[in-house]
Amino acid sequence: MKNRNIIYLLLALVLAGCSSRPQDTFQGMFPDYTDITIPCNIAPLNFRIANASAIKVQVKGVNGEYKFSGHRGLVKFPVRKWHRMLSAETGNTLTVNVTAGENYRDSFTWTVAQDSIDKYMSYRLIEPAYEVWSGIQIEQRDMESFGSRLLGDNRNAEQCCMNCHTSNRNGTSFMHLRGAKGGTILTRGGRNYKLNTKTDNTGGGVYGDITSDGRYAVFTTADITFAIHSRTDMRMEVYDKRSDLVVVDFDNLTVTDSPSTSGDEFQETFPCFSADGRTIFFCRARHLTQPDSIDHMHYDLAVVEFDPETGRMGDRVITIIPAGENLSFSHPKASPDGRWLMVTAAQYGTFPVWHKESELWLIDLQTRRIDVLPQVNAYGADTYHSWSGNSRWVAFASKRDDLVYGRPYIAYIGPDGKAGKPFVLPQKDPDKYLTMLKSFNLPELYAIPEIYNARETASFYKDVEAVQLKYKQ
Amino acid sequence: MAEKSKAEDFIFAAGVLIVSWVMLFADAPFRLDFKEQISIFLFDADRISWYLSNPAVVSSVIGDWLTQFYTNRVMAPTLSVILFAAIIIGLKDFFRKAEPNRPDCLPLMTVPVLLEGYFMTFPNYPVSATVGLAISVWAAVGLASLKNSGYSFLIYGLSVPVMFVIAGAHAFTLALLLAFLKRKDGIASLLAIATGVVILIICGRFYNLTLLHTFLWPVWPGYIIPHKALILLMPWLVLTVMILALFYEKVMDARWLRCLYPMIFILGTSVSGALKNDELERTVKIGTLAYHEQWKEVRLLAQQNMGKPYYAYYWNVCNAREGSLPQDLLKGRWSLPENALFLSTGRGDPYFSMMYFTDALLEMGDISQATDCALLAQTVMPGHYSTRMLRRLVQIAVVTADYDVARKYLNILMRTRNHRAWAQDLLESIETDDIPKQYLIWRSRTAPRDRFFAQGDIRSSLAILAQESPDNKVAADYLLCSNLLEKKVNTFVSLYDKYYLNSLDRTFVVPDLYQEALLVNVSSRESLIETARKYSLSQEVVDKYIHFMDARSADPNVLIDEARGTYWHYLMAVKLNNNQQ
Chain A
478 MKNRNIIYLL LALVLAGCSS RPQDTFQGMF PDYTDITIPC NIAPLNFRIA NASAIKVQVK
538 GVNGEYKFSG HRGLVKFPVR KWHRMLSAET GNTLTVNVTA GENYRDSFTW TVAQDSIDKY
598 MSYRLIEPAY EVWSGIQIEQ RDMESFGSRL LGDNRNAEQC CMNCHTSNRN GTSFMHLRGA
658 KGGTILTRGG RNYKLNTKTD NTGGGVYGDI TSDGRYAVFT TADITFAIHS RTDMRMEVYD
718 KRSDLVVVDF DNLTVTDSPS TSGDEFQETF PCFSADGRTI FFCRARHLTQ PDSIDHMHYD
778 LAVVEFDPET GRMGDRVITI IPAGENLSFS HPKASPDGRW LMVTAAQYGT FPVWHKESEL
838 WLIDLQTRRI DVLPQVNAYG ADTYHSWSGN SRWVAFASKR DDLVYGRPYI AYIGPDGKAG
898 KPFVLPQKDP DKYLTMLKSF NLPELYAIPE IYNARETASF YKDVEAVQLK YKQ
Chain B
132 MAEKSKAEDF IFAAGVLIVS WVMLFADAPF RLDFKEQISI FLFDADRISW YLSNPAVVSS
192 VIGDWLTQFY TNRVMAPTLS VILFAAIIIG LKDFFRKAEP NRPDCLPLMT VPVLLEGYFM
252 TFPNYPVSAT VGLAISVWAA VGLASLKNSG YSFLIYGLSV PVMFVIAGAH AFTLALLLAF
312 LKRKDGIASL LAIATGVVIL IICGRFYNLT LLHTFLWPVW PGYIIPHKAL ILLMPWLVLT
372 VMILALFYEK VMDARWLRCL YPMIFILGTS VSGALKNDEL ERTVKIGTLA YHEQWKEVRL
432 LAQQNMGKPY YAYYWNVCNA REGSLPQDLL KGRWSLPENA LFLSTGRGDP YFSMMYFTDA
492 LLEMGDISQA TDCALLAQTV MPGHYSTRML RRLVQIAVVT ADYDVARKYL NILMRTRNHR
552 AWAQDLLESI ETDDIPKQYL IWRSRTAPRD RFFAQGDIRS SLAILAQESP DNKVAADYLL
612 CSNLLEKKVN TFVSLYDKYY LNSLDRTFVV PDLYQEALLV NVSSRESLIE TARKYSLSQE
672 VVDKYIHFMD ARSADPNVLI DEARGTYWHY LMAVKLNNNQ Q
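Protein sequence lines, in the order shown, are assigned to chains A and B.
Position in the first sequence (from 1) plus 477 gives the number in my numbering.
Position in the second sequence (from 1) plus 131 gives the number in my numbering.
Bound conformation, chain A alone:
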């Protein structure tokens, strides 16, 4: 009897604590999936309609008509039916009619591209706090479903800082782990290694890229710090006190630098290889005292030759696009087909993730024509892009929705360089974006899944001694 009373009391509390869904703070459809070009293998574009209950979705394609429904304002497409629809309508434009009660009607299109997107995306989940404390995760997401796997979780790695995971899409990848037992986890040839890229002559690797054969990587070595803005609409400014470039040869476990990309006169950062691996694109600015002169640090887009036979950078740096009074480049990434180079353009500095004005620009490497991609960019920091293996899709992090939390967006880049309207990575329940207090950092597309998980990453951090790379003059 006594137990029953306790149960009644608990039930009463349950009823008191339960409540109906609150009013939505967004208008219309969330996320905005209207009039977009989508990969033929993308996961269902589940969405919400603000303050709606029952929803009807009618999709008209060339090869059929598909009906779906939603409840409590949420449309969740059945995964199999969704993929059957995409398979049947690949290359076609679908007309989508959405009805939610009397008050909401919308009609828009989905163009199903024949080009698929890489099956996996990795990103770092991190609070947008000014300093890292806890709860960093690197997650690998299946783009065709909603499945995900943790590649790293700093809870079990002594809360070390984990940098973003970078892949060359051919099975070689790296991820930096900071902290006392840190190192760079290299995955190559189906095996994992832990490397110490710091030598007596050169600093440890930071931002980097890998050649398509996986033999070489090029890294920034930088002394990174940050300052806080006094103005309320700016947050923080991350900057390099000094930065140079180094090349790592994974076959011989050596690190090489070059007078052309090191020294005190210039700061070099964000290197990436061209598709043929014979050129290194990077950003470079003349060294100024920081933080006082941060807003005068304007990084040019530059190149230096790279010889894959010797693993050495050339002697001459050529500026291909100079920075300007209100223009600074970062994160150049060459498309795998060698045709395009996408960069981030901001007003100044080297860390555009907190620059609300930063946007993506597309450079045609054949004609040197620049497209400032008005259809892709939005106010609120569009940064950290990554190409898919077929060069038709870019993923990038954008803070356009609330200016604080980065979300992974995807945009189509046609063979002629014409870009489509970007859309946010679909989630099983898009509410995730509304309530999640973590940013999605550096979305990285790749086709071959990683062979390790968070547990093994932690084990690598704690138990494995890093292989010391040697400096080669």
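Since the hints were made in silico from the structure, they are not lab data.
Quick caveat: nothing in here was measured; it's all calculated off a predicted structure.
A virtual CB, placed ideally from N, CA and C, is assigned to each residue, including glycine.
One or more hints might be untrue.
To be verified - Heads up, incomplete: computed chain B residues facing chain A, CB under 8 Å, no partners named:
1) Arg336
2) Gln500
3) Gln509
4) Tyr516
5) Asp533
6) Ile543
7) Ser592
Said to hold, decoys possible - Listing some non-contacts, in silico: residues in chain B with all C-beta distances to chain A over 12 Å:
8) Pro231
9) Glu412
10) Val640
11) Pro642
For this one, chain A is given, so just place chain B on it according to the hints.
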């Protein structure tokens, strides 16, 4: 005789529960309230996925949900005591099933509850941990009711890791209870339970938890509960002691049982002494009152306890809000602690500091560091959510007119039981552009131009604010007062010249503290007249200073009491903290 003994046991257990309720109600109301401030209950996609990706799924959901009610002063101890009662009754049922031929030992069952009550008074000890203990105990009751079959050892073995998924680290409690239950059933059952424990530990690794995390989940070791987390191992030790005691037949003898009462009474008294922890309660209380904007009560409490760090800090926040920071800086106390104006928010500092410092930072108009502190405080919470810091982030976003950011946080708060109305009101204010006055005051104090400063460099930040926002006298006062407290009189004078002297309007009355400080370096009558004219000093202060100096030249010690309350007294009588010298 047995009936009488049962009645005595029942009265004793009921007494323990009643005393627990009274103690929690009277001594720890703000600590219980604080649990809600550093957690959140959301039942949406992201949160469900968070629950599912960690152990203690069920106990976390129930615990977080119950925590919503801990803001109510009666509900908080009531719910705690209900959980305690569930644990006591569960343990009693378990031991009755495990040892049907022996008398009940109800008083012994109150021991874990006494300890749980003690843990409950730590603001950052989650309710889900107590829920986890209750679930584990009742799972043991259920398993004790199972009839033995050929496969029952499998059930016992599997139940331990399953309980880890359901209730977290208290799965170890279940393992202990099961080991006791099956101790006579042969090695197979015990081996199965031991295997279950091994699987549990492996499970912890699959959840990406360290061994310590596995032993404590849903309590987080490290930053959130430094060192103290280890004492959570005690419930298991206590249970072990209980079990060992039960092995010993004579303990069940009524004569020995009588000895338990005074032993438990002593334990209860020491627990209640620890539970009392007035200082922690007051620390939480003053921050909570500030959170609820009960500034009169904050001022009163601060006044009564000003020698302590957070009270002096809040005393000054109250004064800054009323524009009387310099006037009241030295009132009441001679020895101001180092962090009377600023709280330290570095790695290893208490999370109270991060949360509380946002109050002063908002008043100063230092939005950048207020955001930094709020985000950091949120980040160090076990679930990375704090309703209090979410509200702070909303306020910051409204001050900076970043309404998209505000909507993001409001959207979360509107899904909570306790903050929905607040969030709804503020959202309407945003939508109708009818921003509450206090936000506009804060907004007027922010820096219009952009400058850089290092994180935590509060003085550079204040200098920028005082320089860039001539209306922001709060920032200027904080900067000037910090120099006065540190006895950097020359710096004070140069900053005063910079921020006040050239921007004074005719109606401005220079606070006595500043007047007194401006006179400190005056060495002759001529320079005194010149200084008094330059700074428009009152004749009263000047006369007092002349009197003070004359008397001091006669006897350096004689006027100390007479000058009490002046900056000269502070300068000469109060010893500086070694760090400040």
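Here is how each hint holds up against the structure:
1. Arg336: With Cβ-Cβ at 6 Å, under 8 Å, it holds.
2. Gln500: holds, 7 Å
3. Gln509: Result: holds, 7 Å to nearest chain A Cβ.
4. Tyr516: Holds, about 7 Å.
5. Asp533: OK, holds: aspartate 533(B) within 8 Å of chain A, min 6 Å.
6. Ile543: Holds. Min distance 5 Å.
7. Ser592: With a minimum Cβ separation of about 7 Å from chain A (threshold 8 Å), the hint on serine 592(B) holds.
8. Pro231: Holds, since 19 Å exceeds 12 Å.
9. Glu412: holds, 25 Å
10. Val640: Nearest chain A Cβ is 29 Å from valine 640(B), so the label holds.
11. Pro642: Given that every Cβ of chain A is farther than 12 Å from that of proline 642(B), nearest at about 26 Å, it holds.
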